[in-house]
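S.K.: Kindly generate the complete structure, drawing on both the sequences and the hints.
2 protein chains.
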Amino acid sequence: MKFNQFAQIHVDTEQALTELQAIGLFAATATTAPLATNFAHFLRCCFPEAITETSQNEALAKLVLDEQLTVSAFLAQPTALTATQFYNVALQLLGFEVGTEFQLADPIAFMKTSHLAFNVATPLDNTTLLTDIYLLLTTHTKLGLTYLDDLANRGFFAAYTGPRPLFFNGKAQAVFATDDLIKEVVYVEAPLDTDQDGKRDLLATTILRPRVPAGLKIPALYTANPYFKGINDVAAKLHTVDQELAVKTDPVAAAKVATPPIPAPRPVNGHAEQAEQHATANQVYSLNDYMLARGFASVYAGGIGTRDSDGIRTCGSVAETVSTIAIIEWLNGKRRAFTNRTDNIEIKASWCNGNVAMTGKSYLGTLAIAAATTGVAGLKTIIAEAAISSWYDYYRDNGLVVAPIDCQGEDTDVLADLCFSRQKDAADYAKVQQVFADELQQLRVGQERQTGNYNDFWAARNYRDQAEHVKADVVLVHGLNDWNVKPRNVEKIWQALKPTGVQRKLILHQGQHIYINNMPSLDFSDMLNLWLSYELYGVANAAPDVLPNVMIQDNLQAATWRGHHDWASADRKRQLYHFTPAALTLDEPTDAAFVSFKDDNRRLFEQRGRDEVQWRDDFTKEPSVYAANQLRLKTVPLAQSLVIDGSITATLQAAVDQPAGLLSVLVVDYGQAQRLGATPDLVERHGYRLTPAGQTDDLVEFKLQPATDYKVITRGHINLQNRQSNTTNLPVVPNTFYTVNFDLQPTHFQVAAGHQLGVIVYASDMGMTLRPQTVATYQLDLNACQLDIPFTKH
Amino acid sequence: MKFNQFAQIHVDTEQALTELQAIGLFAATATTAPLATNFAHFLRCCFPEAITETSQNEALAKLVLDEQLTVSAFLAQPTALTATQFYNVALQLLGFEVGTEFQLADPIAFMKTSHLAFNVATPLDNTTLLTDIYLLLTTHTKLGLTYLDDLANRGFFAAYTGPRPLFFNGKAQAVFATDDLIKEVVYVEAPLDTDQDGKRDLLATTILRPRVPAGLKIPALYTANPYFKGINDVAAKLHTVDQELAVKTDPVAAAKVATPPIPAPRPVNGHAEQAEQHATANQVYSLNDYMLARGFASVYAGGIGTRDSDGIRTCGSVAETVSTIAIIEWLNGKRRAFTNRTDNIEIKASWCNGNVAMTGKSYLGTLAIAAATTGVAGLKTIIAEAAISSWYDYYRDNGLVVAPIDCQGEDTDVLADLCFSRQKDAADYAKVQQVFADELQQLRVGQERQTGNYNDFWAARNYRDQAEHVKADVVLVHGLNDWNVKPRNVEKIWQALKPTGVQRKLILHQGQHIYINNMPSLDFSDMLNLWLSYELYGVANAAPDVLPNVMIQDNLQAATWRGHHDWASADRKRQLYHFTPAALTLDEPTDAAFVSFKDDNRRLFEQRGRDEVQWRDDFTKEPSVYAANQLRLKTVPLAQSLVIDGSITATLQAAVDQPAGLLSVLVVDYGQAQRLGATPDLVERHGYRLTPAGQTDDLVEFKLQPATDYKVITRGHINLQNRQSNTTNLPVVPNTFYTVNFDLQPTHFQVAAGHQLGVIVYASDMGMTLRPQTVATYQLDLNACQLDIPFTKH
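Protein chains in written order, with UniProt numbering: chain H, 1 to 794; chain V, 1 to 794.
It is possible that part of the hints are untrue.
To be verified - No farther apart than 27 Å at their CA atoms in a straight line, the calculated lysine-lysine pairs in the DSS-like style are these: (1) V:Lys471 x V:Lys348; (2) H:Lys2 x H:Lys703; (3) H:Lys142 x V:Lys431; (4) V:Lys142 x H:Lys431; (5) V:Lys703 x H:Lys237; (6) V:Lys183 x H:Lys431; (7) V:Lys2 x V:Lys142; (8) H:Lys237 x V:Lys62; (9) V:Lys62 x H:Lys199; (10) V:Lys142 x H:Lys621; (11) V:Lys112 x V:Lys703; (12) V:Lys237 x V:Lys217; (13) H:Lys62 x H:Lys142; (14) V:Lys142 x V:Lys621; (15) H:Lys237 x V:Lys142; (16) H:Lys237 x H:Lys334; (17) H:Lys711 x H:Lys793; (18) V:Lys711 x V:Lys492; (19) H:Lys62 x V:Lys711; (20) H:Lys62 x V:Lys199; (21) H:Lys142 x V:Lys183; (22) H:Lys498 x H:Lys793; (23) H:Lys498 x H:Lys142; (24) V:Lys62 x H:Lys183; (25) V:Lys237 x H:Lys142; (26) V:Lys142 x H:Lys183; (27) H:Lys62 x V:Lys237; (28) H:Lys621 x H:Lys634; (29) V:Lys380 x V:Lys492; (30) V:Lys237 x H:Lys2; (31) H:Lys711 x H:Lys492; (32) H:Lys62 x V:Lys431; (33) V:Lys703 x V:Lys793; (34) V:Lys183 x H:Lys183; (35) H:Lys217 x H:Lys573; (36) H:Lys793 x H:Lys703.
Keep in mind the hints are simulated off the structure, nothing from the lab.
M.R.: So this is what it looks like as structure tokens:
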């Protein structure tokens, strides 16, 4: 395991001493005490579960200093303390095992291969001891926490009486109890009346916060989560994708729906300090839990149309964004909340310092981006994980209906329906059923599945168009193998934010659509702690400078993360790969060459049980039972590795024997190799400890799996009628060649030397596009086909 | 979903009233109040998160009574209340959704198909209202908890001031706070000196217990868990199984190892009321957590040789059992514990009422069985899940080394090594390294992998031989598809306990080696709560009569559990199935018939990447690439379903062209069908709420999966040299026919009508037995081969 700690700050001796003093680990007077006394004092503090000195001694007695000496023996008869001896003890304290994991003769060798920080000074004096101890406290244990976090979880701060919040190494420490949280629900009044009942929509808002010293106001981590109050079963409402590609005609513009007037705010009939409803939240996010003990409240809201709130779901609309930021406005003192829906008793977020960060993955992260594009005051930063930045890029591509993976038939109406959890309360649902049915119909009209084109509906759901308004600093996290929210979403918002001048950080991992807060190879919680301490408490920890702009997980080796200056930048070098009948090649073709394939892979797909996962594997592997449905070309084995960085542009010259057609492209890494798993493996169930009170998450890590023959690098799809743009329909004359030119999903992927880069051109994609029944024959003019690949070096 | 509630007790009206009064839900005076007043009072109590009356009213306002009437409207203008109306409300309270899950016109229909209890009386009067409310409180919500548990988790008992513990419907309720547990470690002194240091072994014991009213003593759920303090990586220490079957010679009896003398107990230098060490336990069991809030302490101990304890691991030995029960003896006041290892300060379990139950799965459950066979005082009951009852049945079978599935090469020495977590503390390990190395050598001698025979070593590890000493009542839980701890372990101890007269309960599920406390289809936690309230608090709830002797999950339908009088009883009817070249058949064969197969499947296994999972599938499915390595016979499609109950006996007449040989038998259900998954699917992450303080488990359930072609019913293996017994070696003359007769693993399995019962006879099993290189040819005399199948009816 390599422990990549981007958030470990190096401080000078004076600063280290000040911080150690603050937590009782190195008294100012200690600088003149014997070294062994200071070392012994520190070691005693390393066993906070031991209440008595005897108990501490017994814990100490289990440690060895080197091959000859136990720690107990050393403390009884102190001599000089070497760096080797110190790090032998340090590694034991961090949870590593003598003999099996590291050798007492050379602990530093293990620390180097594990990427654990150390100082080389030897033998130690009081100054180097204190800097070594400081460094150790900020270094990760075997289970992926800083050692100080580990001590805190074992009771280190139980008797702490110093100032709160407490920051150490620039990060907030777990000095707030989470076993006695204030858990409450209030109703924020949004400037909306989406359910058209003549009253502003009230939004149930759940707050979990620690009890704090008098006078302390704390910031909030706010997660806007449409799934928070449960979801509806929409299996029966999925659109069928077993249908023909339409010959497009320009749609009749839908009649503009008048925006209903917004009623006046409720009158205020009084004020309360206490909420009237206890929260019993179950769906929480580990990162929020982690920060709770460190002095950051957690705020959750489902938003309009979710259970206990007013309004209706509108999937990506402006109203949804307005609903999302209403909570921030309340936290920031600019909007009202009430204790209940009846009495108009106002309750203020008087506990909040007005600073808010948004967190969450997928739709949750999407709403964080939506909120940021409003420039709402109080929103200091967002941590948007696997977030949509334009809903067109979620449900469409180049004039095609293209589903998120494993979500064939889903669309904005289905998702709105899924999240409309007001349906769960029968009497409440009855009041709003018709309004919501009308809204679903509006969504169906606007999303226009029949053309798949970009239109006003999608433009209203493209947050990137509002990027200029962003004032919050932004952390983006995305999986390079996320085929649910595809990487274009993160790449385009990353680029769109460049001109704004806000601080931007980007973390790209090799997983799918997942959270990555609980992996030992990356100090994700530390980085976010550093970031949030900076953003919400104003701690001068230089977080924007400490963290690299971009952190990308290596796809060849486990537990390997690199800092980069940028990702997918416009100035990447590019290399053209040409198509010949025999290969994908760097050499320009000389002879004309045509190939054809048939698009009838739905037939075989159905014969084989309509299994999309199986289809993807069958379609990509060699040999493929779908060989007649594709053109597959490969390079010769690469002499050197190739690091693709950004979006490959595919240019294809193609004809189809039908009046409509589509092209799909897969770019594949061929070569037998152990590769990282698609999802992280479990390292230890409940192994990632979030708080001293005992909240945990599972500890997981991407590990190299048994060797496979290939790995999909990226993909893309285009409607031949949209060869000019995703808004323009051009006719397709059967058997006439047209050139299409489109970007595949962006990536960062190293193809190893000896591997072959492959491309598969085909038409309908059983897992993502419509699945026409009509058998179409496609021709490609290979001379005019190419991949334009941006690349970089590691 | 069908909610099978075996622990729901039906009580008379008087008892219901008494219990409802105790929790404030139905005052004695209420019997003369208007029905609507009583109904309103109850409904208000159903929203404990609502602090004010307004807030309660708003929650009530979301409920409907029927298609015309909301609950609010009804309460404003009360009329008669029908059973249909009551159960409409009840289902909404239980979390079911109007319209999508049940219809307001007929809630009873849904309750019937869901196996939810109801009363038919209509319209309701005060008496029927109170019995209906009582019944509702004991009925399961959609997430698999009683409604009263659900209310408790939402704060119902937050203001409870009545007596504790509190029992409702015979089960302890969550009236103890778990957010402020006492968490402590003490050192129990066992009457052992397994590490031969001249001092009795001290065993670190972790106690988690709620704070209780003065004077209350509570019972303990004790989990003996050798993995509690972590495990060692033993991948390099697995035995190779790529080796030939030995031609056995009788082994030279190992020299008896003298039992080291047991030192005198430590002197007592004082007494303490408080422990000296806080516990920071992470590896806990959900069932224990669930019971903590209900007034049952949790006690965990790793036992000898685990981190923080003395001694060495001895895997299944008498010393291990003595170490296990030392904790019970302390809890029961018959053994000493100390606050630390140094000062000899005694600490008593003064908080404990002396009554102990043991819980846990696999090795943990095994130690529960071990402890029970000592008859130790204070151990009132054990809940042994997936437990070993004889270690020979775990690592051996009929004179063969047979591994638990996915554990090829493991043996008692490897497991002892794996659990010897003292290795994690370098200074501690150094003291005991040699003693433990010697012990491992003793284990290797005793386990005798070269013969695979039963011997004194295994006899000492056969707990069933001590079954007559069992005094504790016993609950056994086992997966019928558990190929780690195979079902013979549970079947044999079930039978062995029959003469003892202790209470015995048995739960057989269709899973593998898993816990089943978190499945909505079975009220496992309720049953155990009922049982433990009876056993440890002496509650007169008639638990032994309420719960069926045996509960078995159906293998054809999801969420279907049946109560049975017994399992695998000796008086089951039996049916002989004969082997002919064409089929497995009920007709006795007339003509002689010989078939042969070759045992060289290791060759293909290696060519295909040594993947045991793949091998099992390839070997069993049709057609099989391993066809030359097996005899496969099938019945004609069954005209009627067949419920196999118990152990199939295989009789085979076979010859091999080598001086040693083995036979394996698989019995298979062939027929395309949707079957239950091998492991339960996730229903809701964190969906199973254990305590009001917020501990959760994932909610899971066995669901029908996409159709498959076959399912393995059972299996067995035998060494031809052990055709007489597992202790006797008989020579195998090449090409000479011998008859073997042996039991396959017991099961309870319904083969559906139309399916074919199949049998596969083969030799080496890549996943379980040794894997000889020598290519052997086996012959079978089919006329003398048969399966003798015990069966029953549902």
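S.K.: Each of the hints needs a verdict: does it hold here or not?
M.R.: Status of each hint after checking the structure:
no.	hint	result
1	V:Lys471 x V:Lys348	holds, 24 Å
2	H:Lys2 x H:Lys703	holds, 12 Å
3	H:Lys142 x V:Lys431	holds, 25 Å
4	V:Lys142 x H:Lys431	holds, 25 Å
5	V:Lys703 x H:Lys237	holds, 22 Å
6	V:Lys183 x H:Lys431	violated, 50 Å
7	V:Lys2 x V:Lys142	holds, 10 Å
8	H:Lys237 x V:Lys62	holds, 25 Å
9	V:Lys62 x H:Lys199	holds, 18 Å
10	V:Lys142 x H:Lys621	violated, 43 Å
11	V:Lys112 x V:Lys703	holds, 20 Å
12	V:Lys237 x V:Lys217	violated, 46 Å
13	H:Lys62 x H:Lys142	holds, 18 Å
14	V:Lys142 x V:Lys621	violated, 38 Å
15	H:Lys237 x V:Lys142	holds, 23 Å
16	H:Lys237 x H:Lys334	violated, 39 Å
17	H:Lys711 x H:Lys793	holds, 20 Å
18	V:Lys711 x V:Lys492	holds, 24 Å
19	H:Lys62 x V:Lys711	violated, 51 Å
20	H:Lys62 x V:Lys199	holds, 18 Å
21	H:Lys142 x V:Lys183	holds, 24 Å
22	H:Lys498 x H:Lys793	holds, 23 Å
23	H:Lys498 x H:Lys142	violated, 37 Å
24	V:Lys62 x H:Lys183	holds, 22 Å
25	V:Lys237 x H:Lys142	holds, 23 Å
26	V:Lys142 x H:Lys183	holds, 24 Å
27	H:Lys62 x V:Lys237	holds, 25 Å
28	H:Lys621 x H:Lys634	holds, 12 Å
29	V:Lys380 x V:Lys492	holds, 21 Å
30	V:Lys237 x H:Lys2	holds, 25 Å
31	H:Lys711 x H:Lys492	holds, 24 Å
32	H:Lys62 x V:Lys431	holds, 10 Å
33	V:Lys703 x V:Lys793	holds, 24 Å
34	V:Lys183 x H:Lys183	holds, 25 Å
35	H:Lys217 x H:Lys573	violated, 50 Å
36	H:Lys793 x H:Lys703	holds, 24 Å
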